[in-house]
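Chemist: First to last, the protein sequences are chains C and W.
So the first sequence is residues 1 to 257, counted in the numbering used here.
So the second sequence is residues 1 to 301, counted in the numbering used here.
If you are wondering where the hints come from, they were derived from the structure by calculation, not from laboratory data.
A quick note: this is a predicted structure, and the numbers were derived from the prediction, not measured.
A hint or two may mislead.
Result set (DSS-like, lysine-lysine): computed pairs, CA atoms no more than 27 Å apart in a straight line [claimed, not checked]:
| hint | chain 1 | residue 1 | chain 2 | residue 2 |
| --- | --- | --- | --- | --- |
| 1 | W | Lys-273 | C | Lys-76 |
| 2 | C | Lys-233 | C | Lys-172 |
| 3 | W | Lys-265 | C | Lys-76 |
| 4 | C | Lys-59 | C | Lys-7 |
| 5 | C | Lys-175 | C | Lys-229 |
| 6 | C | Lys-158 | C | Lys-233 |
| 7 | W | Lys-192 | W | Lys-37 |
| 8 | W | Lys-192 | C | Lys-59 |
| 9 | C | Lys-175 | C | Lys-158 |
| 10 | C | Lys-158 | W | Lys-37 |
| 11 | C | Lys-76 | C | Lys-59 |
| 12 | C | Lys-7 | C | Lys-76 |
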Amino acid sequence: MAEPILKATNIETYYGPIMAIRGVSFEVAAGSIVTILGSNGAGKTTVLKTVCGVMDPQKGTVAFEGREIQRMDPDKVMRLGISHVPEGREVFPFLSVRENLRMGAYTRRDADEVARDLETVFGYFPVLQARADQRAGSLSGGEQQMLAISRALMARPKVMLLDEPSLGLSPKLVKDIFDIIVRINRERGVTILLVEQNANMALSVGDYGYVLEVGRIVMADTCARLVEKEDIKEFYLGIKDQGARGQRRWKKRKTWR
Amino acid sequence: METRRGRVSDFLQLTLNGVAVGCIYGLVALGFVLIYKATELVNFAQGDLLMLGAFVCYMAVVWWGLDYWLAFVLAVVTIAAFGALLDRFVLRYVIGQPQFAVVMLTIGLGSMFRTFASVTWGSEIYTLPTPFGGVWHIGSITLSHQYLSIILGTLALCGALYAFFNWTRIGIAMQATSQNQLAAYYMGIPVKMIFSLIWAISAGVATSAGVLLAPVTLIDTNMGLAVTIKAFAAAVLGGFGSIPGALVGGVVIGLVELYAGGYAKPLGIEDWKDTAPYVALLLMLIVRPQGLFGSLGRKKV
Numbered sequence: 001m002a003e004p005i006l007k008a009t010n011i012e013t014y015y016g017p018i019m020a021i022r023g024v025s026f027e028v029a030a031g032s033i034v035t036i037l038g039s040n041g042a043g044k045t046t047v048l049k050t051v052c053g054v055m056d057p058q059k060g061t062v063a064f065e066g067r068e069i070q071r072m073d074p075d076k077v078m079r080l081g082i083s084h085v086p087e088g089r090e091v092f093p094f095l096s097v098r099e100n101l102r103m104g105a106y107t108r109r110d111a112d113e114v115a116r117d118l119e120t121v122f123g124y125f126p127v128l129q130a131r132a133d134q135r136a137g138s139l140s141g142g143e144q145q146m147l148a149i150s151r152a153l154m155a156r157p158k159v160m161l162l163d164e165p166s167l168g169l170s171p172k173l174v175k176d177i178f179d180i181i182v183r184i185n186r187e188r189g190v191t192i193l194l195v196e197q198n199a200n201m202a203l204s205v206g207d208y209g210y211v212l213e214v215g216r217i218v219m220a221d222t223c224a225r226l227v228e229k230e231d232i233k234e235f236y237l238g239i240k241d242q243g244a245r246g247q248r249r250w251k252k253r254k255t256w257r
Numbered sequence: 001m002e003t004r005r006g007r008v009s010d011f012l013q014l015t016l017n018g019v020a021v022g023c024i025y026g027l028v029a030l031g032f033v034l035i036y037k038a039t040e041l042v043n044f045a046q047g048d049l050l051m052l053g054a055f056v057c058y059m060a061v062v063w064w065g066l067d068y069w070l071a072f073v074l075a076v077v078t079i080a081a082f083g084a085l086l087d088r089f090v091l092r093y094v095i096g097q098p099q100f101a102v103v104m105l106t107i108g109l110g111s112m113f114r115t116f117a118s119v120t121w122g123s124e125i126y127t128l129p130t131p132f133g134g135v136w137h138i139g140s141i142t143l144s145h146q147y148l149s150i151i152l153g154t155l156a157l158c159g160a161l162y163a164f165f166n167w168t169r170i171g172i173a174m175q176a177t178s179q180n181q182l183a184a185y186y187m188g189i190p191v192k193m194i195f196s197l198i199w200a201i202s203a204g205v206a207t208s209a210g211v212l213l214a215p216v217t218l219i220d221t222n223m224g225l226a227v228t229i230k231a232f233a234a235a236v237l238g239g240f241g242s243i244p245g246a247l248v249g250g251v252v253i254g255l256v257e258l259y260a261g262g263y264a265k266p267l268g269i270e271d272w273k274d275t276a277p278y279v280a281l282l283l284m285l286i287v288r289p290q291g292l293f294g295s296l297g298r299k300k301v
């Protein structure tokens, strides 16, 4: 594995007295797509919030390009080059699409380059160009997701944190969005940390994957190998193994329990 | 015929003065709304910032002998900076606390400012000399420059604020912060700095209102109190959270107040002037609870 651009070591994050992350460590290699899988309440969103600085871990460190960032304010972390596409889009509803994108480039001073990037994201998502002067709140869920990704891209990040980009979208749209995510990674060299429930999609685009359960990493491997594992197949991909006589054991235990 | 013309000119006179007074309420209400939209705090010390601003301007003109316009700018800058400091060192620590605590805090701050003012400047009533002493007569209507200056000043200020919020990067960032604070953080917008800036703008607007109002009501330590309450009524009338609503609400309250003062007196009801705005507000809340420009808050689940 190449030198990690982002590295979390033993982070523990609490919501008040509730421990959401119980000592999570992971590495994200520069230029790769890393995915964290997990079901509802596993702590996926909390991991991203801890990385981007909205939540501070009680223990452990988050290092970006070798620099510890775990106590920084989110706007400072963002200025270092980590953009966050939050769960549920979080666009600015009463600003136009164009203004939303401009806000994505808020930290940048190079107006010409910003204009060029605006063209680039309109290239990725032509529908946004058609609706450039419409209020973001009037867009459909899928368009808002496109806007949220584009807005994060406008900051020219080194790392993009994507929190469930497939949430609430049709299968066709999910595929389109993931195609663009791969293109962003390949064409612009943006490292991507992707948190997903849609394991099928995430494993098909990811290079390396972690499985998060109840605040702990229970499995880590390349995505190519993860899809082959029995537990992943059964619990995350929903592929059921048939027994010799067409029967299954009534209840299977996960190997990590 | 003669009396009829008299009645029309009375009406026009009251309208003019009502709009002028309403502009002041509107400006203070604007301060309420700006702060509320961004930080979800209601600042009941808004009117007392207005009073402090008027005093600073008075000091600059009368004690230090500065030019009126220079003093005006100085007062706005001073109180705006004071507003930013207030946010940085006091209000920032109550964000997220119960509304009740915040309301008590700002009411407390307001009375601290009044006490400070009466200790510093005494309880006399001061007259701020302005370049707007003259009057124009059109028919039987008196256009006093004081009232005109209020209306024109308000228009200019609103135009400037509109341009600032819609056409500058930081202005749009302020809108963005009001709409989605968390997402603003994700964009790298310095949210805390934006809050201080919004306080500065609100305080600056209140000061402008104070200086414009000074020749009409004269300056004393309690000049802000009555304005605060009526401006709050104006903000609610306009639909709390709507900027055009605050201004229109202010003008409506001003007009209702003046009409009530002008037309109720002959009927033998003396105190209508101060009561009528609240009656109007109550009616409004019964008929259209979300206010003139407000939208019903429907929360999506």
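Chemist: None of the hints should be skipped; say for each whether it holds.
Modeler: How the hints compare with the structure:
| no. | hint | result |
| --- | --- | --- |
| 1 | W:Lys-273 with C:Lys-76 | violated (53 Å) |
| 2 | C:Lys-233 with C:Lys-172 | holds (22 Å) |
| 3 | W:Lys-265 with C:Lys-76 | violated (62 Å) |
| 4 | C:Lys-59 with C:Lys-7 | holds (14 Å) |
| 5 | C:Lys-175 with C:Lys-229 | holds (23 Å) |
| 6 | C:Lys-158 with C:Lys-233 | violated (32 Å) |
| 7 | W:Lys-192 with W:Lys-37 | holds (14 Å) |
| 8 | W:Lys-192 with C:Lys-59 | holds (26 Å) |
| 9 | C:Lys-175 with C:Lys-158 | holds (23 Å) |
| 10 | C:Lys-158 with W:Lys-37 | violated (33 Å) |
| 11 | C:Lys-76 with C:Lys-59 | holds (20 Å) |
| 12 | C:Lys-7 with C:Lys-76 | holds (17 Å) |
Consistency note: the structure conflicts with the earlier hints numbered 1, 3, 6, 10.
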